[in-house]
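A.B. asks: Letter by letter, the chains look like this.
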Amino acid sequence: MVPEKPYAEADVVVVGYGCAGGAAAVTAHDNGASVILLEKSAEPTPNSRCSAGNQIYPKDPKDKEKFAAYLHAVCFDTVEREVVDAFVDGLLQNPDWYKQLGGELEAFFFPPASCSLYIPDKTYSGLPEAQGLQLELRCLKQTDTCPEHAGGDRVWHLIDRKIKKTDIKVMTATPAKELVKNEKGEITGVIASVKGKDAYIKANKAVIMTCGGFEFDEDLKRDNLTPRPIFSFGNPDNTGDGIRMVQKVGAALWHMSKQATYLAVKVPEFESGFVINLLAPGFIYVDKHAKRWADETHIECHEFWVPLSQFDIEHFEYPRVPTYLIFDEEVKRIGPISYATMGYNVIAKKYIWSLDNSAEIKKGWIVQAKSIAELAKRLGLDEKSLEDTINRYNKLCKANKDEDFGRPREMLKAIEGPPYYGMKLWPVLFNTQGGPRRDKEARVLDPDGKPIPRLYAAGEFGSIWGFLYQTSTNFSETIVFGRIAGKNAAKLSPLGS
Amino acid sequence: MLIGERKFIIDAPRQRIWDLLLRATMRLLPFERCNIRSQTEFNAILKMKVGPVTLPMQVEMEIVDIVPPESMDTMLKAKGMGGIAWINQKSTFKLKAIGEDKTEVEAKIFAEGMSPLLKWFFLPMVKSFAADSYKLLEERLKQWA
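Just so you know, the protein sequences line up as chains A and B, in that order. So for the first sequence, my numbering puts the first residue at 1; every next one is plus one. So for the second sequence, my numbering puts the first residue at 1; every next one is plus one.
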């Protein structure tokens, strides 16, 4: 039922002010459309803004076809090749788009000497399609006009500065609640909560949904994701509202069980987790039984959910959730063990982790102990098992060969103490991938594969990445599909014409 | 002013040495309280041993030029003792492939500026510190490669 009188109207209504929503709004505007941009949070802090903001490119643009074939292989038939092709086409145009906004991309070398954040340029180098393909991470260059520290924050502000120069109407603290569909099945706008009252925001051409993932929706996570529990590094307003909205108008969902997940410290004082970044190698991860479970330095940092999802059927538990980080004095002293420029707690809450971790020890977030036995006791681990594990690991370091998990020589460093340090780490979502299925035009599809008229989606909200995750494609996708959606929405004829 | 240099050959391909180089240089010096400011810059505390004395220095380090997998230049500015002791130094690393399986590493440190205190009283010790650091770099790279 279409309400009679709109509270506000524009050609294009964009729901969600992240980088995808911003790119969609700017592009629709630049293609002649009037735009209203709705944002649930009072201060927009989308996951794209909280992220590293890295983007992946083929080193040689001539490798476009090869790159698309590789990405399609990574997706393992969960997305049509033409959608991947549209992504690659758009990706190669992104640098010009940034330039129009006053930004410039540069090569990214990730990050100085981290021993825990493992991000190879080419995540799945073993794929046949990866052979001979060279990739490069890029980020928006930090300049006087783009001064922000974090890459994602930098891009979001670049877009925001552009939006402020236009007549795009940004309505913050205005959560969308429902999509409005007319008798022809066209989407004509949204019902949003404006100052606590329902208001019809009419879209004369189209609605673009860019409202993020469901990182803070416990039901959707329980039904779709492993392991459990699983937290997020991002915005607590990502509660999956948009997914329910598009389901009600008949959208098909895809990629609901896929995610980009790392490890983080989660403390009760903060809704979001602090992602870890260890600058020295004197550390290991152990499971609930105090056993090491991997080469800790070479788990691709978006794919932690894969090893963490190992389920022990006999004991009916995820033995690696939580995982316990055990480390030595060098790790404690060399720098903050949480990543200083990324995540909601840093960007929105302005939390500054102490440079030598001492403040977090005082808070009890990190356990400091005079012996391994004391550390085990305070972490709730079996003392003998933890002692055996650390002794074994230290012996492997002395032999300069990790026979258990193949940790490389340069990453082998005995855990020396006392003191010893430890903390619980939890799976933490960078983002979910699930949401409405979309086509290469960014149109939202119904279960028969037909576009729902005048409804588009972009970004993390129904990401195209449906199996494993190639590093730095989510951020790239926000801009690519935001632009595609904005352009196509602006091209439509107005309702009733 | 050149204050240290070392050239050595490692039995490993250039790409492998390149992959290890940044990690090795970061761990060459006992940095503490590292604050990573961007992908190429950090500041930290460095407890620099100059002879029998340990000087806590405030350090700013920046990768000023990087050409993978051939060369990397870093700029390090260190100051301590309330600003009386300071040094600005540039380090250059050049990797030259020798066939497929060997790499020549050439490392140099230049002092681009130095406080009178360091120059007049501690220069030999600064040079010795640089020489020890490069020896350690060679050992580490050989061990890891």
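There's no promise every hint is true.
[What the hints assert, rightly or not] Derived BS3-like pairs: lysine-lysine, alpha-carbon spacing no greater than 25 angstroms straight-line:
#  : chain 1 : residue 1 : chain 2 : residue 2
1  : A       : 141       : B       : 77
2  : A       : 398       : B       : 108
3  : A       : 413       : B       : 135
4  : B       : 49        : B       : 102
5  : A       : 59        : B       : 96
6  : A       : 141       : B       : 90
7  : B       : 142       : A       : 401
8  : B       : 142       : A       : 395
9  : B       : 47        : A       : 413
10 : B       : 108       : A       : 401
11 : A       : 184       : A       : 248
12 : A       : 59        : B       : 94
13 : B       : 135       : B       : 108
14 : A       : 413       : B       : 96
15 : A       : 401       : B       : 135
16 : B       : 135       : A       : 398
FYI, nobody ran anything at the bench for these hints, they're computed from the structure.
A.B. asks: So, for every hint listed, does it hold in this structure?
C.D. replies: Verification of the hints:
Between residue 141 of chain A and residue 77 of chain B the alpha-carbon distance is near 23 angstroms, which keeps this suggested pair within the 25 angstroms criterion. Using a Cα cut-off of 25 angstroms, the hinted pair residue 398 of chain A and residue 108 of chain B is violated, with the two alpha carbons roughly 31 angstroms apart. For the suggested pair residue 413 of chain A and residue 135 of chain B, the alpha carbons sit about 19 angstroms apart, so the restraint of at most 25 angstroms is met. This hinted pair does not check out: residue 49 of chain B and residue 102 of chain B have alpha carbons roughly 33 angstroms apart, beyond 25 angstroms.
Pair hint residue 59 of chain A plus residue 96 of chain B holds up; C-alpha atoms about 22 angstroms apart against a cutoff of 25 angstroms. For the hint linking residue 141 of chain A to residue 90 of chain B, the alpha-carbon distance of about 23 angstroms falls within 25 angstroms, and the restraint holds. Between residue 142 of chain B and residue 401 of chain A the alpha-carbon distance is near 15 angstroms, which keeps this suggested pair within the 25 angstroms criterion. Proposed proximity of residue 142 of chain B and residue 395 of chain A is supported: the alpha carbons are some 21 angstroms apart, at most 25 angstroms.
Distance restraint check for residue 47 of chain B and residue 413 of chain A: the Cα-Cα separation of roughly 21 angstroms lies within the 25 angstroms cut-off, and the hinted pair is therefore satisfied. Note on residue 108 of chain B and residue 401 of chain A: the hinted pairing is violated, with a Cα-Cα distance of about 31 angstroms set against a maximum of 25 angstroms. The suggested pairing of residue 184 of chain A with residue 248 of chain A holds, with an alpha-carbon distance near 16 angstroms, which does not exceed 25 angstroms. Among the hinted pairs, residue 59 of chain A with residue 94 of chain B is consistent with the structure: their alpha-carbon atoms are about 23 angstroms apart, no more than 25 angstroms.
Among the hinted pairs, residue 135 of chain B with residue 108 of chain B is consistent with the structure: their alpha-carbon atoms are about 12 angstroms apart, no more than 25 angstroms. Restraint check: the Cα-Cα separation between residue 413 of chain A and residue 96 of chain B comes to about 29 angstroms, which exceeds 25 angstroms; the hinted pair is violated. The suggested pairing of residue 401 of chain A with residue 135 of chain B holds, with an alpha-carbon distance near 23 angstroms, which does not exceed 25 angstroms. The suggested pairing of residue 135 of chain B with residue 398 of chain A holds, with an alpha-carbon distance near 21 angstroms, which does not exceed 25 angstroms.
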